[in-house]
Each structure stands twice: as C-alpha cells, then as structure tokens.
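There are 2 protein chains.
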Amino acid sequence: MHDFVSNLQTNFSFHLYLFQMFAVTILGNNSAIPAYDRHPTAQIITINDQLLLIDCGEGTQMQLSKYKIKRGKLNHIFISHLHGDHYFGLIGLVTSMGLLGREQPLHIYGPAGLEAIIQIQLKVADTHLPFELLFHPITKEEVIVDLPKFSVKCFATQHRIPCWGFIIKEKKSPRKISKENVLKFEIPAAYYKELKEGKDYTTKEGVVIFNEQVTIPNSVNRSYAFCADTIYDERLAEVAKDVSLLYHEATYLHALEDRAAARFHSTTVQAATIAKMANAHQLLLGHFSSKYEDLRDFLSEAKAVFPKTYLAIEGVTFLIQK
Amino acid sequence: MHDFVSNLQTNFSFHLYLFQMFAVTILGNNSAIPAYDRHPTAQIITINDQLLLIDCGEGTQMQLSKYKIKRGKLNHIFISHLHGDHYFGLIGLVTSMGLLGREQPLHIYGPAGLEAIIQIQLKVADTHLPFELLFHPITKEEVIVDLPKFSVKCFATQHRIPCWGFIIKEKKSPRKISKENVLKFEIPAAYYKELKEGKDYTTKEGVVIFNEQVTIPNSVNRSYAFCADTIYDERLAEVAKDVSLLYHEATYLHALEDRAAARFHSTTVQAATIAKMANAHQLLLGHFSSKYEDLRDFLSEAKAVFPKTYLAIEGVTFLIQK
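If you read the protein sequences in the order shown, they are chains A and B.
All residue numbers for the first sequence refer to numbering that gives the first Met the number 0, where the first residue is 0 and numbers rise by one.
All residue numbers for the second sequence refer to numbering that gives the first Met the number 0, where the first residue is 0 and numbers rise by one.
No lab work stands behind these hints: they were computed from the structure.
Be careful, since some hints might not be right.
Since the list can't tell identical chains apart, any single copy or any two copies may satisfy a pair.
Think about it this way: if two alpha-carbon atoms lie no more than 30 Å apart in a straight line, the pair counts; the simulated DSBU-like pairs of lysine-lysine are [what the hints assert, rightly or not]:
1. K275 to K178
2. K122 to K72
3. K290 to K72
4. K69 to K290
5. K290 to K65
6. K290 to K122
7. K307 to K195
8. K307 to K65
9. K69 to K152
10. K139 to K67
11. K183 to K240
In this text the structure is predicted, and so the values were computed from the model without any measurement.
Based on the provided sequences and hints, a complete structural model is requested.
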C-alpha cells in the first residue's frame, strides 16, 4: 500500500505488525498556504485492514493517488476543524468516490457545520452519490468510533475556532493463546475468547486448567493521538498520557513563540514539552508554516527537549508502537 | 511569468507580443477525476499585463505556484459551471489570497449558486478577507467584462447543469499611428486617438491631412473562445465564428461518441468539426477522461479533421494569434 515504510524504530521487528498493522502515513504537513510542494493537513491511519483519514486539505485525493492508497478501504474520515487547510479537499474526495462507483457507506466525523457545506455543493451539481454519506457531528469529548479492533475518542483543543483532536487506541485481549498448550490440554476453540480475557477453564472431569497454563500476556495496546491545531495547552499531556505516538503541530520555530500564541498555534519546543509531559513514546511534528522552506531546525529544536521526535514528511509511513 | 512559451505558431514573431501579450496557460486538462498527474480544469489567460483565470478545479492554487504565476495580477475569475472539477479549488485560492494579504478587489463571474458556497465556508472559519470579493452571477448571454484593452462575453453551452463558455476579445483601434509621418505633418499628440479611429486631420491653415497619410491598418483583433463542458452543439461554431483560438472539450475519443452524448460531453472528432465549421485559426483540446493515460490518439483523431489542433498540456502556454 505505501511507497515505503519507515523503520525508525528498532525494538519490534516488522513482522509482528502483519498481525495488526498500526501506522500513520503523512499526506500533508503544511499549515494554511501550500508551499514548497508541501500540502495541507491529511493523514492516513492504517489499523489492521482498515484505513482512517484524519483531516482532508485541498489535494488530498491527489495525494492518495500519488501514494497508491486504496480508497475502498477508507470508511471513516475525521475532520478536526473548519479552517480550510483541514477540509477543503473533502468535497473533491467524496465526489470522486461517487464517480468511481463506491457503494459502501462513508462515515464523516467533524464539526456540525461540515454537513451543510458538503450538501450544498452536491446539490448545485445535481450529484446523487451511489453510497450513503453519514455525518456524525462532534459536540463533546466522547468515544465516536467503537469497533472490535480499535476505538476513536475525540477531545477538544484550544484554537481560534472549535477544534477537535482524536485519539485512536487499538484493542487487544489482555492475554494471548499459547497454541501449543491449548492443544495439550485439549481446550475447545469455542472457549478461546474467555481464555484471552483471563478466565480459567474447567474440564468435563472438573479439573481446573489455570489461565496462566494456556495463555501468555499480550503486548500493551498501542495508541495514536492527533492533537490537531492548538495553542500550547498542558491539558493535552493528560489527554494523551502514555500515548505511543503523539502528533503535535509545530507551526513555528521556538523564536516565534509569541506569534504562535497570538494565532493559537504552537512551537517546536512547546510540542516537545507536551510529548515529554505526556510520557509519549514518540513525537511527530507537522503543520509547518509556509515561512519555512528548510525544516531541519524543527527537528533539532524539538529533539533537544524530546529526543524521539520525527518530522511528518509527506509520503512517509510511521509505525505506531510502544 | 511562465515556465516556457510554446512556439507552435510561426507566422508572427514573439516580439510583437510584448506590446499586447495574449496567451493561455494550461493549469489543468483532466475531466472529473484527477489522474496520471493531470489536474481538473483551470486556465490562465494573459492579456497585456492582466491575468484572468477560467475555471478553478481542486489544486489550482498549487498549480499557480508550480508555474510561478503571480496571483497579484489576477483580478477576474470566471467559473463555467458548478461541477466540482471546475470550481472546487476556488475557496482555497480565495482564502490563500487573503492570508497573503491581498488588498485589491477580486471579481468572480459564475453561476448564481457560487456565492453562497464560498460565503458559507468563509463564515464557518470566521474568515474576514482583507480584500473585496465581488460576485457577478451569470444569468444570460452578455458582455460581462468591458475594459479598454479587452472584453469578455459569456455564452451558454449545453451540459447537464447550467454551463457557460467565455469569449475574450482584444480591442485594438482600427489604425496604427505611423510615428514618422505624424511627426512630418506635425500633428499634435492629443489628436492621435482620433487618428487611430480613422479620422482625417485639418491643420490650422485648413489643410486636410488624410488619415491614410499618417496611419497604417492595425492587425486583426485576436480572440479566445473557451467552450466549457458541452455536448456536440453546432451553435458553438456560430458563437466562436472566426475565433483565433478555440478551446473545445474532448472528454472522449471518437469511438465513445455515444457515451459522450449520454454524458453531455464531446469527442475529438466533434471538437475538431466545430473548429472547422467556426473557421477557427487553431484548436485546443482538453478535459480528457481519466480512462485515457496516453493522449496521442486525441491529437491524431482531431488533426484528421482540423490540422491546427493542439493538446492542452499542463504547464504549456499557447500564444493566441490569427
């Protein structure tokens, strides 16, 4: 699916992720005005065999084509706020999905005003989509997607207009089956689900097989926090506590801290400080101002505070792991 | 301004155009779904020191940057119809102009529904543009821009929803001053305007200097007809009679004539037939379907009917001339 997968992390082998791939692919990393061939915000989350899209700046459908990402696997789109660099590409993507004959429903989560904007544009073109478009207006902090393999919760960020971040958490059973041992103790497959949840098994003869005899502890659930556009806000460190990968905007370098605050944006050092306070495993920086052509200082300034920092370079896929 | 200027035509030297440059630069040439790095419709018209934009598909602001076209000289935007591939890039362009501090007014001409679509998106973002945005709803065939150097007239095309083409005509005086002769006959500069219009001059002594003694005929006014999206419609040959450069859509090759008609689009052969009937000097084909990666057959099929045919290749500037 992706052009290449970054291998910045070394403590897990790639093969583990074939069971539950969890990664973010950057389609756009620039703030308001596109510049230097950098595009406005858009990120694809791959979780298992599902794709999620977070934000959809102008040109997102072209970026999806460029990086050969399959739209058919995309069923959930999350829009953080209604500044254009976060959603102007949505109507084009939705319309193209219709022209390409999509049939399965598409869920869109975002501020309440979004639906009217999309609908007015479909109406003037007399467009009747061949699939169901389901809008889920975000009004408060809550779990907005709850599926067997993962959940998505939204949280408010402090920006000039109402703005939402998203935290995606994979769901794993607390225990993993030891295939060898369940066969040895002849435990029926129908009982595996209970085993994964930590229950013991009692045979027909009344013999108790303790859970620890047939299972092993699962690895920790991974998580991704997308903190949208935001002013420096220490509450985000609580929201994203212990997250595997924290995406935090860094519109400006440290020297422009005042400008960042005035515009409800953040700097490199502020983003890194939140990552440190949150005890995040890794930090991803994006939403770079068009003022900057060279991004190297973004990396060095943030790394001085939080070493495991990476830049959200377009086309790169970052694995999400503890 | 442009990356390069095509020199497909040879009967005029380039230097003549320094006086009144008249050209079209292709920013997008694809139909509905962007494909093969081809973008939806957008064209820049350069006329003298002014830029006009016709249609504004998604990504137009990025294309303007890519081809180093100066937005500051762009004061008039024309939108043919409200299918997304002709206007989804407008809100992004307008918003970016605001962020870049534009101050001079911007005129937008298009179907009446356009204003509401732009305004709702500015409103939800709480965006207050630092310049005046002037919408001119198109309701009938008429001259919509009338400036000293050129005029723009709109005309209806037959498409699935209301759709407008545009014809841009340069304005030249019928006669040009012969500098040598006006000096010889000592005609005051204040009278040059009348000379250009063909009037004779009478000296204080009552001597009549005939117009032909001090002027030479001007070259013919050049014109560009943008025929938007349209089904095959012979009326367009009348509308664009004797035009210098005719842009006609060719969404499909000849073999898909039935599909073209069913979708209110045209084929290569149909576009070339209109150019021939109109006695156009040259023909420009665009709006290619995403079905086709290779465009060479578009050129050969149309050239068989109308030899002076060119493909609207992105980034290329075509001089408009008789």
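Practice task
List in ascending order the numbers of the hints, as given earlier, that are violated by the structure.
Solution key: 1, 7, 10 and 11
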